[in-house]
Amino acid sequence: MTALQVNNLRKSFGGLDVIQDVSFTVEPGERRLLLGPNGAGKTTLFNLIAGDLRASGGRILLQGRDVSALSTSQRAACGLGRTFQILTLFGRETVLGNVVMALLGSSPKRWKPFGAVVHDTALRRRALSVLARVKLEGLADRPIQETSYGEKRRLEIAMALAQDPQVLLLDEPLAGLSKEERGTVSALLEDLPRSLTIVMIEHDMDVALAFAERIALLNHGRLLVDGTRDEVIADPRTREAYLAQ
Amino acid sequence: MKPLLVLVVAAAAMPLLLPGEFYLAIATQVLVYGLFAVSVNLIAGYCGMVSLGHAAFLGISGYAFALLSVGAGWPIWAATTAALGLTSLTGAMFGLVALRTSGLSFLMITLALGQIVWGIAFRYVDLTNGENGISLPRPDGVLLHGTGLYYLCLAVTAGCMLFVTVLTRSPLGAAMQGVRDQPRRMSTLGYDVWAIRYVSYVLSALLAAASGILYMLTFRFISPHALSLTVSSEAVLMVIAGGLGTTFGPLLGAALVVLLKNVASAYTDRWPTLLGLIFLFIIVVVPEGLLPGARRLLGALKARVVAPDNIGANLTRASRIEGARQ
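In order, the protein sequences belong to chains A and B.
As numbered in our numbering, the first sequence has no gaps in its residue numbers, which increase by one up to the final residue, 245.
As numbered in our numbering, the second sequence has no gaps in its residue numbers, which increase by one up to the final residue, 326.
Please note that the accuracy of each hint is not assured.
Claimed, not checked - Cβ-to-Cβ under 8 Å is the rule here; a few derived chain A residues that face chain B:
id: 1; residue: Ala50
id: 2; residue: Leu70
id: 3; residue: Ala76
id: 4; residue: Ala77
id: 5; residue: Ala102
id: 6; residue: Gly105
id: 7; residue: Gly115
id: 8; residue: Gln163
id: 9; residue: Gln166
Quick caveat, the hints were computed from the structure, so don't treat them as lab data.
Just so you know, even glycine gets a beta-carbon here, dropped at the ideal spot from N, CA and C.
Starting from the given sequences, assemble the full structure and let the hints guide the process.
Following this line, the structure appears as structure tokens:
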């Protein structure tokens, strides 16, 4: 069974076709890179897969299940995790509070109208162990405003990991990071278990190419090349798409 | 915890502290409008959806209570239950319409729904007696006038505020605040944003309904004015003035408006101007609301008072380090 399958996916805004007839499959445990110049439709594709946008046509299968008609939250419940290119954190919360929101989101407890969240020690322990995975456990009680950009990026990833997804969409996890921080985050990504399937958009070629096993190249909303890393790098159309910029 | 204790004692001792029936009646009104503001705060402050039609819920509940207890002769408890149920049901239906949107559109739709209910109260004269409104007969029962009524309103308002406090600290309350701050992230995390907003909206309607019952018991009269846009927007102003998304902010805002209305209006006809000036002052000096604003200003003041000592401590430590080096 494939982890993620996209069949003839289309999306148009008015008369503008931003995604045209895109199909690809991602096997369980695979590390897949989505490549393409700016405006190629990579983030739009993520938004379609995650459910933030409704496709104009085509189907999306998650673990063999057709999720095309499901809402964003239902797809999350099906094991789809996602990080955002633009940081999307709860600014009034602490670092730990953000992870707690993620943990509650995948728990039936989220509808409980009583029992203070801050007094839930079991939840706190779980959140701390998630933070330990991204080496942020020391900053657990720090307000978000007092954390660095690199720490926020790691927290983005921690929030997705907290939900124990089967398929994880990473939208530019290294965007805006310093060289040192990029090392920290890419080491963190390398260490993620193979049971997790990862689809990543990333512009840092050193990290992205080292990470990816297969690459899908997108340009003008079309899938140009889909294959192993070496195939895609060697393909003249890859060079063309980037040189045409 | 200490200010809370003072507040509870002061609220309980209010009938002894106040010089007469008139002032106790004003305190009771503060509680009634305070509860109404608490209901608006639940949806606006904690869930980020500002409603301009909440007076509809206060009004529907008040009219239902009046019609059932006076017109149909139901006992008070039955009329109360029915009024609360009917209003929640209305909230559940309005929510289906209003929550198709958010932000400014939500504001406009709730305003429109509120005006529809106001129009019905105004025009459906056979049921509502139109502009002349409906009166309740003189109260019979110790809990229905004077000191007894004050304690009844205090108990209900305090109970509802406790409910809101427990709710906002719970996982569901955290989800409401998450939906307010990052709706997109919330759906990515598996929360059904629409359902969370819907639950908040209906609960908020239920609290507004409770304030409608207290309104009827306190004023013993209801007319279409109670459902007007003025009442809805005043509640929003109370919440913003006191502190959006705070426990006691709405009550403070209600106290401000009710006091101005009742006390300042004895001295000048231009009290709305005074109210406007006060709101202007709040927006300029403490835009986050009186309660969080006062906390911030106090904190800044404290820091200024404490700071010289800190500098002194740092200086002595620095000179000690200097000394150790030498």
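(message) Tell me if the interface restraint on alanine 77 of chain A is satisfied: Cβ within less than 8 Å of some Cβ in chain B.
(response) holds, 5 Å
(request) With chain B as the partner, please determine if alanine 102 of chain A meets the hint condition of a C-beta pair closer than 8 Å. (result) Hint on alanine 102 of chain A: holds, closest Cβ of chain B at ~5 Å, below 8 Å.
(request) Answer holds if the nearest beta-carbon of chain B is closer than 8 Å to that of leucine 70 of chain A; otherwise answer violated. (result) At about 11 Å, which exceeds the 8 Å cut-off, the nearest Cβ of chain B leaves the hint on leucine 70 of chain A violated.
(request) Hold the hint about glycine 115 of chain A up to the distance rule: shortest CB distance to chain B must be less than 8 Å. (result) holds, 6 Å
(message) Can you verify the interface hint for glutamine 163 of chain A: is its Cβ closer than 8 Å to any Cβ in chain B?
(response) holds, 7 Å
(request) Go through the hint on glycine 105 of chain A and say holds or violated, using the shortest Cβ distance to chain B against 8 Å. (result) OK, holds: glycine 105 of chain A within 8 Å of chain B, min 3 Å.
(message) The hint names glutamine 166 of chain A as touching chain B; please verify it with the least Cβ-Cβ distance against 8 Å.
(response) violated, 13 Å
(message) Given alanine 50 of chain A as an interface hint, is its Cβ closer than 8 Å to any Cβ of chain B?
(response) Hint holds; alanine 50 of chain A Cβ to chain B Cβ min 6 Å, cut 8 Å.
(request) Using Cβ atoms only, decide whether alanine 76 of chain A comes closer than 8 Å to chain B, and label the hint accordingly. (result) Hint on alanine 76 of chain A: holds, closest Cβ of chain B at ~4 Å, below 8 Å.
In this structure, the earlier hints numbered 2, 9 are contradicted, and the remaining ones agree with it.
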